[in-house]
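Please model the entire structure based on the sequences and the hints provided.
Listed in order, the protein sequences are those of chains A and B. The first sequence lines up with residues 1 to 370 when you count with the working numbering. The second sequence lines up with residues 1 to 370 when you count with the working numbering.
In short, the hints are calculated from the structure, not lab data. Worth double-checking, as some hints may not be accurate.
[As the list claims (entries may be wrong)] Below, simulated DSBU-like cross-link-like pairs (lysine-lysine); rule was C-alpha separation at most 35 Å, straight line:
(1) B:K328 <-> A:K278
(2) B:K220 <-> B:K282
(3) B:K19 <-> B:K328
(4) A:K245 <-> A:K259
(5) B:K328 <-> A:K98
(6) A:K24 <-> B:K24
(7) A:K328 <-> B:K24
(8) A:K279 <-> B:K2
(9) B:K2 <-> A:K2
[Unchecked claim] Beta-carbon label-pair distances, calculated as ranges:
(10) A:S343 <-> B:G100: 24 to 34 Å
(11) A:D208 <-> B:S110: 56 to 66 Å
(12) A:D275 <-> B:D62: 53 to 63 Å
[Said to hold, decoys possible] Some residues of chain A that are not near chain B, with every Cβ distance over 12 Å (derived):
(13) D55
(14) D62
(15) K125
(16) G172
(17) Y197
(18) S207
(19) D267
(20) T296
(21) V314
Predicted, not measured: the structure shown is a model, and the values here were computed from it. Using N, Cα and C, we set each Cβ at its ideal position, and we do this for glycine too.
There are 2 protein chains.
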Amino acid sequence: MKFTCEKMQLEEAVRLVSKAASPKSPIDALKGILIRAGSDLRLTCYDLRRAIYTDIDADIKDGGSVVVNARLFTDVIRNMPDGLVTVSVNEDFEMLIKCGVTEYTLTTISGDEYPELPEMDRERKLDIPQNILSSMIQDTIFAVSTNESRPVYMGSLFEIENGTMTIVSVDGFRLALRKESIDHGGSDTLRFIVPAYALSDIEKICSDSEETMSLSIGTKHISASVGNTVIITRRLEGDFLSHEKAVPRDFKSKFKINKADLARAIDRVSTILVDGEKKPIKLVFGDGEINLSCRTAVSRSVDSCICEGSAEDVEIGFNDNYLRDALKAINEEEILFCINTGSSPCVIKSAGDDESYLHMVLPVRLSPGN
Amino acid sequence: MKFTCEKMQLEEAVRLVSKAASPKSPIDALKGILIRAGSDLRLTCYDLRRAIYTDIDADIKDGGSVVVNARLFTDVIRNMPDGLVTVSVNEDFEMLIKCGVTEYTLTTISGDEYPELPEMDRERKLDIPQNILSSMIQDTIFAVSTNESRPVYMGSLFEIENGTMTIVSVDGFRLALRKESIDHGGSDTLRFIVPAYALSDIEKICSDSEETMSLSIGTKHISASVGNTVIITRRLEGDFLSHEKAVPRDFKSKFKINKADLARAIDRVSTILVDGEKKPIKLVFGDGEINLSCRTAVSRSVDSCICEGSAEDVEIGFNDNYLRDALKAINEEEILFCINTGSSPCVIKSAGDDESYLHMVLPVRLSPGN
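Below, the structure is given as structure tokens:
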């Protein structure tokens with residue numbers, strides 16, 4: 001195998017695919033990047049859950065395929081001087097990488113030892129603007145469960161119906177939901193669950209433009225492609241919570257609050273939770289005002305925040321991090337905080353009350369001294 | 001105790017002194033900041049090795065002294081809104097901190113439980129411009145030993161003689177030395193060793209100005225003061241290497257090299273040392289050129305760097321990090337690399353050959369395959 005290509009392009013490709021390498025895999029090939037020079041130059045990483053591959057421009061002198069350690073190759077290419085890099089592999093699978101006076105010799109193994117990528121079947125295609133998909137993933141991925149006992153919740157539900165795409169993540173304590181209008185070129189309903197590790201890769205290959213990403217939905221796998229780059233991942237199987245049933249629609253009180261004010265008050269009262277102390281913060285919803293407080297064995301804190309809305313001093317305990325995540329995901333100055341009783345789920349949404357973004361969070365029981 | 005002060009000033013003072021708190025100490029008081037309100041407001045932290053205290057402006061209503069947890073108090077003050085903060089402590093040692101609607105209540109203990117700071121005796125005073133002291137510490141502190149079996153080398157030697165101050169650090173593999181002219185107001189010779197942990201604190205309170213820092217040298221302790229802030233530390237005792245004897249003055253060859261070129265070549269050849277692999281890099285000093293290479297079990301790298309100077313292919317092995325540290329500490333475009341044989345100490349200094357900065361580094365034995 002022998003080819004010459006631009007260092008910058010190779011570096012970018014390596015950075016992109018190497019996310020799917022498995023440095024700790026017992027299988028040597030999976031620690032590596034598969035480099036295949038045929039009519040194109042293709043770089044592939046695959047950790048048996050998801051694969052990323054990308055094609056780059058190269059002047060290919062001799063074809064062939066080898067697997068080179070991903071970590072080492074990434075470091076080597078990054079440290080190369082800018083310019084044309086020549087990569088050649090001899091019969092002993094020794095790879096020589098040259099640019100100017102800089103030379104590296106790396107051990108590789110034959111590309112034949114690399115596992116086959118999963119094949120896509122019975123595909124349903126879908127084109128989504130990259131900037132929309134990216135922001136929808138960002139605003140929901142933090143609420144994906146990390147609990148391995150319910151694997152289906154370790155991904156986000158995609159629901160496409162009547163020109164609207166909804167992404168839902170849920171971890172047992174909260175639910176994050178984003179809706180956007182999209183043109184999905186059909187009238188059927190699509191539902192599939194994409195694992196969080198792949199969502200995070202997909203989000204990273206999205207640019208901030210309206211150009212579309214092409215999703216292919218197979219029976220077992222999903223692929224996402226942008227330009228010359230493709231990500232293939234397993235779908236997660238199982239029953240996903242029905243958000244239509246789970247999220248309350250009617251509330252006794254709604255409070256309109258400046259997001260930054262509330263975020264600062266939350267940060268202040270939770271300051272005393274040092275050293276990983278997990279105590280709830282208490283919000284008391286009153287008349288035009290929310291009083292916040294927190295208490296540990298050795299300290300107490302008190303703060304407040306003015307708002308529009310009124311309730312008869314409803315006390316609700318929250319995990320401060322869940323509130324922070326919810327506020328961070330809303331790109332508006334004002335939010336709506338919708339409550340019923342001190343023990344029922346609350347909903348935080350954008351002030352427009354339009355459910356393009358919605359975050360449901362369950363209260364934490366307050367102990368008597370709180 | 002009750003006082004009011006500016007949040008910003010209190011925050012800065014707390015940030016400064018809390019470096020000397022001991023969050024893991026078995027003695028509760030040492031986890032804290034001693035706050036003493038008398039004619040001034042003084043904040044103190046002391047970890048039994050070094051103490052830092054600072055005085056700030058405050059409107060003191062009632063005097064007194066308490067110890068408050070350093071980590072918690074730092075977080076609380078940082079998260080306060082800007083403005084005037086009122087701190088009061090009641091008879092049960094409950095501290096109430098107020099600013100606007102924000103209130104914290106923290107548990108404290110009596111200031112009587114805080115250990116006494118060391119007393120300075122028979123002081124010798126010395127004034128050094130802060131910018132000079134700071135850069136001298138930065139350029140030598142990295143070569144301080146971390147090996148606890150020879151405590152005297154866990155600090156830097158200060159030598160003041162004939163209007164010149166020299167700081168020397170040595171760790172058994174290398175030596176870093178900086179000289180500067182200073183006016184020390186006397187004709188006697190001063191020699192003392194300052195522990196690295198205190199040097200790093202002293203460096204942080206130096207500003208980038210020519211204003212002086214006042215050092216007091218006692219028999220057992222040293223204090224450094226700038227404005228209202230004082231650091232007191234133990235001196236290290238023991239015999240320190242004589243740099244006059246240890247550093248070679250005569251060399252067979254001297255190479256003048258562009259520092260950035262050499263640094264890049266070192267970074268490139270050492271790229272293959274991933275996963276903490278500790279192999280030397282080999283430098284072959286030839287005619288107007290230095291060839292660099294490195295070899296691990298699975299890879300090799302080669303690079304080169306042009307320079308002024310000539311030798312008959314002298315091969316020397318180096319720890320790449322020691323070379324990197326030495327180059328980083330020289331603020332000039334060109335450096336001098338002075339060598340004798342492949343097994344004798346090398347000296348790297350500024351191209352002016354004036355020894356204002358000098359770094360000696362010992363070679364690493366190269367294995368036959370290298």
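To see whether the hints hold, each was checked on the structure:
no. : hint                          : verdict
1   : B:K328 <-> A:K278             : violated (44 Å)
2   : B:K220 <-> B:K282             : violated (44 Å)
3   : B:K19 <-> B:K328              : holds (26 Å)
4   : A:K245 <-> A:K259             : holds (27 Å)
5   : B:K328 <-> A:K98              : holds (28 Å)
6   : A:K24 <-> B:K24               : holds (34 Å)
7   : A:K328 <-> B:K24              : holds (34 Å)
8   : A:K279 <-> B:K2               : holds (30 Å)
9   : B:K2 <-> A:K2                 : violated (77 Å)
10  : A:S343 <-> B:G100: 24 to 34 Å : holds (31 Å)
11  : A:D208 <-> B:S110: 56 to 66 Å : holds (58 Å)
12  : A:D275 <-> B:D62: 53 to 63 Å  : violated (31 Å)
13  : D55                           : holds (26 Å)
14  : D62                           : holds (22 Å)
15  : K125                          : holds (41 Å)
16  : G172                          : holds (29 Å)
17  : Y197                          : holds (23 Å)
18  : S207                          : holds (30 Å)
19  : D267                          : violated (6 Å)
20  : T296                          : violated (9 Å)
21  : V314                          : holds (20 Å)
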